[in-house]
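Asks: Just need the whole structure built from these sequences, with the hints factored in.
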Amino acid sequence: MTAIADLDYGTPPSAAPKTVSLTIDGVPVAVPEGTSIMRAAITAGIGIPKLCATDSLDAFGSCRLCLVEIEGRKGFPASCTTPSEAGMRVITQNSRLADLRRGVMELYISDHPLDCLTCSANGDCELQDMAGAVGLRDVRYGYEGENHLGIAKDTSNPYFTFEPSKCIVCSRCVRACEEVQGTYALTIDGRGFDSKVSPGQMEDFLSSECVSCGACIQACPTATLMEKSVIEAGTPDYAVVTTCAYCGVGCSFKAEMKGSQVVRMTPNKDGHANHGHSCVKGRFAWGYASHPDRITSPMIRKKISDPWQVVSWDEAIRYAASEFKRIQQTHGVGSVGAISSSRCTNEETYLMQKLVRAAFGNNNIDTCARVCHSPTGYGLKTTMGESAGTQDFDSVRETDVMFVIGANPTDGHPVFASAMKRRLREGAKLIVADPRRIDLVRSPHVEASYHLKLRPGTNVALLNAMAHVIVTEGLVDEAFVTARCEGPSLAQWREFVARPEQSPEATAAVTGVAADTLRGAARLYATGGNGAIYYGLGVTEHSQGSTAVMAIANLAMATGNIGREGVGVNPLRGQNNVQGSCDMGSFPHEFPGYRHVLDDSVRNLFQDTWGVTLESEPGLRIPNMFDAALEGSFKGLYLEGEDIAQSDPNTQHVTAALEAMECIVVQDLFLVETAKFAHVFLPGSSFLEKDGTFTNAERRISRVRKVMPPLAGKEDWEITALLSTALGFPMTYHHPSEIMDEIARLTPTFTGVSYARIDELGSIQWPCNASHPAGTPVMHEQEFVRGKGRFIMTEYVATHERVNGRYPLILTTGRILSQYNVGAQTRRTENVAWHEEDRLEIHPHDAEERGIKEGDWVGIVSRAGETTLRAVISERMQPGVVYTTFHHPESGANVITTENSDWATNCPEYKVTAVQVMPVFNSSEWQERHRQFNQQQLALLGRAQPGT
Amino acid sequence: MDIQHLVEMANQIGKFHEAFPDRNEALGDAAGHIRRFWDPRMRRQLLEHVDLGAAGLEPFILEAIRLKRTDLTPRTPATRS
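Here the protein sequences line up with chains A and B, keeping their order.
Each residue of the first sequence is one higher than the one before, starting from 1 at the first, in my numbering.
Each residue of the second sequence is one higher than the one before, starting from 1 at the first, in my numbering.
Simulated from the structure, these hints should not be mistaken for lab results.
Treat the hints with caution; some may be incorrect.
Unchecked claim - Simulated pairs of lysine-lysine, DSBU-like, Cα-Cα distance not exceeding 30 Å:
(1) A/K381 with B/K15
(2) A/K303 with A/K269
(3) A/K381 with B/K68
Replies: Next comes the structure, spelled out in C-alpha cells:
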C-alpha cells in the first residue's frame, strides 16, 4: 500500500493498437483491445471492489470481490481476468453482486484481527476500504472458529514486518516478488485453509532469499507487510516526487512526508526509469540523512593534527578562499583544483567546474567518473560521436539477445536487472562475459545461454574474437555498415579482426574461454534478433578500458545493432549522476557538452558569458593531481561529495598526496576518509535537502526536490557559489533552476531543458533541443552523431599487472546489492545487516591449497600494499581469481589496488591486481596505522570547539 | 611528477596507436592524444625527459613526440602551471 495513493487500475495496461467499445453501467467506454473490464471501468471512473488485483501485476482472479455481470452471459465473471470486448454491456453494481461481495468479505473478516484503530495501516488499508465499499455490517460466522490470528509476527527484516495474522492470502506479495522483482523468494505454502505466505522455505524474511526491494510491501493490501518507519511514525500526510541518490538507474520516488520528516520512500509508478519498482537502497536506505554522524557546522584547522574549530559559514568560506589565493600566489595558478562527484547534482557539478575555470583560472577539475566510466566517454565519442549510451531502459523490452559484459546488474543496478529478468523470462537469450558467476548467469527462470568465464584483463581479446567470428562467418550486417559507417575504417577493421591471431582458437589461451563456446556466443549475438550490449566497470576499469568500449561499439555497428529499440550500447553507470557530471564539463579537457578546451569558439562562448578569460590548456586528472601533489606543484584541493582516500586505487599513494597538500577543503555529509586529511570542512546537504537534477545512465534528466531544510543551513550549490564569490568570481544564482537555464543556453544538447519542461514531461532524455523537443530515447537513429560510424582497430595489449610466483592470484573488485560505493551512506543505515564487512571470495581449490577455511582471516598482498579480510569460499570464483568489495574503509581494498590505468583516460585498473593470499592472525600494518589515525581524527572531531 | 609514470603512460598511448596501418597518421594521433589530454606540466616534463635521453620511452611514441614537439610544447610558461 502507499498512503499517497495513485489511482490503481487493477490490471496492467494493454498496448494493443486496436480499440474496443463497450458500456459499463450504461457508460460508453473505449479501451485498447485486451484491457480488462476492471481497468476499463476504472478508466471510466467506475470503481469495482478488488483485493487481489493491482495494476503492477497480471490479473489473478482469486479474491472473487470484483465479480460483475455481463448481459447475455451466465454467471459472475471476475472483471480482472475478463477482457473487454466490443459491444459488451457490463453491470458492476446490483443487489446480486452486492450480496456476493459481502459474502466474500465476511469470510475474509472472520479470520482477521479487528484491531483497525491501532493497526499501522489504519486509513491506508484496502481490506478496510473494501469492507466499507461492500457495506459489511456483520460477520455471520463469528470470530471463534479456526483462524490464523495467533501466528507470530516476523520482525527479522530491519525495514519491515511480516504479520501473517493480517494476511488474506491474496498472493499479491508472491506475485510481486515473481513478476516485478524476479527473485521468487516468496511462495504460498500449504493448501486451502492452511495456505500461508512463506519467505523461502518457511524461513524468516532476513534469512530468506528476499532482497528487500519492497515490491511485496508495495503490493500488500493490508498491514501484513508494513514498513517499520510507518509503524513508528504513522501514515504520511503528503508526498514529493524526487530522484534516488544511489545508482545510475535513477529511480523516481515519492518521499512520503509528515511535516519535514520522511516517513517512507515509495517508488513512483509514473517514474520513467523504474515504473514503480525499487531496490533495498533507494526504498529503505535513506536514514543516513539524519544519522548522528552528520556534521552540521563548518569547521577549519591549520594542520590535520589540530582539533577542528567550529566557525561560521562566513569564516569558513573566507578562510578557504584565502588559502587557495595564498597557494596560487606562492605556487602558481595551476597549483589548486577541484574534484566533484557523481553524487552531486548537475547544477552542483556545473558550478564546480565553473568555479575552477573562472575563479581558479585553470582547468584542474575532475570528477569521480575518472575512476569509473571515463573510458565510456572516450570510446563512444570516438566511434559514434557522443559520450553516452544509445538507448533508454525500456528498450530492453524489445531485446532478443542481451550481452552483459563486466556488469553485475542484480547487485549494481537492481531495478534495471528486474526489467532484464522479465524480458529473459519472456524468452530473450542471455550471454554473460564475467570472470565470476554473477547471479544473472543462473537464477530462478533465468539462465544464460553462454557464460564466457574469461580471465580478468582479457576483455579486448574476447571482443576481438567475437568480431573475428562475425566477420569471417559472414555475419556482418552489410546493408547497415555500408549505409551508416565509414568505409575505410570498416575495411581496416575487417582486415584486422579477420587475422588468424584474433580467432577464438588463438585467443582461448589468453582469455580462458573455449573457442566453440565463444563462437556460439558470437553467432547468437549476431543472428539472434535485436542484440543489446550492457556493460559496466568490468569493461572500463582496465588498462585497455577505452579500447574495450570501442571494441563493443565495433560489434554493435558491425551487426547493425544501433539506432532502434531493442539494441544498442548501454553503459550501466555506477552512481546516480555519472552521466550528468560528465555532461556538465567536469573533465579537465572539456567544457559542458563534451567540447574541448582547445576549441577557441567554444572557449569564447564561455568567456563571453562568464566575463572572464579562460585557460586553453587541459588540466590535471585525478591521478595526475596526486602525482603533482607529491612532486610539489599541486597544493590545494576542493572536493565535493567524493571520498578519494577510500575509493581511489593505491590508498597509500593517495593519502601521501593528501598529506603533501597545504589546503584541502571537503564538502560532505560526514567526516569521510578524505575529510580526515582536510583543513576546511563545509557541511553539505543530502539529496533530501536540496533542489537540482540528476541524469541517469539512459541520459534521463530528472528532478531532485527538496523535502526538508538543509541540516547545515545551505544547499551544496549555495556553498560553491559562496566560495567562488569569495575567490573573486561572484555567483549570484537564487535557485538551481537558474543554473540549469545557464547550462541550456551554453550547451547545444540541453537547449530545450528547463525545470518547467522537466516538470511538464516528468523527465527528459538529452539531446533535448529544437530537433528533439521532447528528448531522445534512442540515439543514432538515422545517422550517428558524428555522421558515419567509425570502426577502430582494437589491438589487445596485455596489462603490465601480471601474476608470478610471488603474486599468483588475480584480485578483482566490485560491489554488493546492499552497499553503495564507499559506503558512507549505506554503512549508516540498517543495510549493514546484509554486509557488515568486506570479505574475500576465493575458489575452494585456491583456499584448500593455502589451508584457508570459511571465515578465516587472510592476508592479501599486492605490489602496492597489504590488508586482511575474512575469507568466503565460493565456486562463483574461477581458480586463480579472488574478489572483494570496497564498502568499508577499514578493509583497505584499495590499499592493494595499483595505479595502473587506462591508456586513454587514466581510469584505474581496479579489476586486475596480482596478489598472494595466505592465512593470517593479525591485521596488516596499514590497518593498524589506519585504526590509530582514525581514532585520532575522531578524537579531534570530538574536541571540536567554537573558533575564537 | 614521477617521470617513470609519465613514461609508462606515454608508452601505453603509443602501443594503442602503433597498431594502425598509416604510420604517419598514427604518430600524429598518438602525439595528439598527449596534447589534448595532458596538463602542460606533464608535457613539459616529458619533453625534458626526451632531451635527457628518453630512457624507457618506446621507439614509436618517442618518434611521435619528436615529430610533434612544437605542438606538445605548452603555450604557457612553467610559472603559470
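Asks: Run the distance test for A/K303 versus A/K269: straight-line Cα separation, threshold 30 Å.
Replies: Distance of about 50 Å is beyond 30 Å: violated.
Asks: With a cut-off of 30 Å on the C-alpha distance, tell me whether A/K381 and B/K15 pass.
Replies: Roughly 20 Å between the alpha carbons, so the hint for A/K381 and B/K15 holds.
Asks: Under the criterion that the straight-line Cα-Cα distance not exceed 30 Å, is the pair A/K381, B/K68 satisfied?
Replies: Distance of about 24 Å is within 30 Å: holds.
Going through the hint list in order, the structure does not satisfy hint 2, though it satisfies all others.
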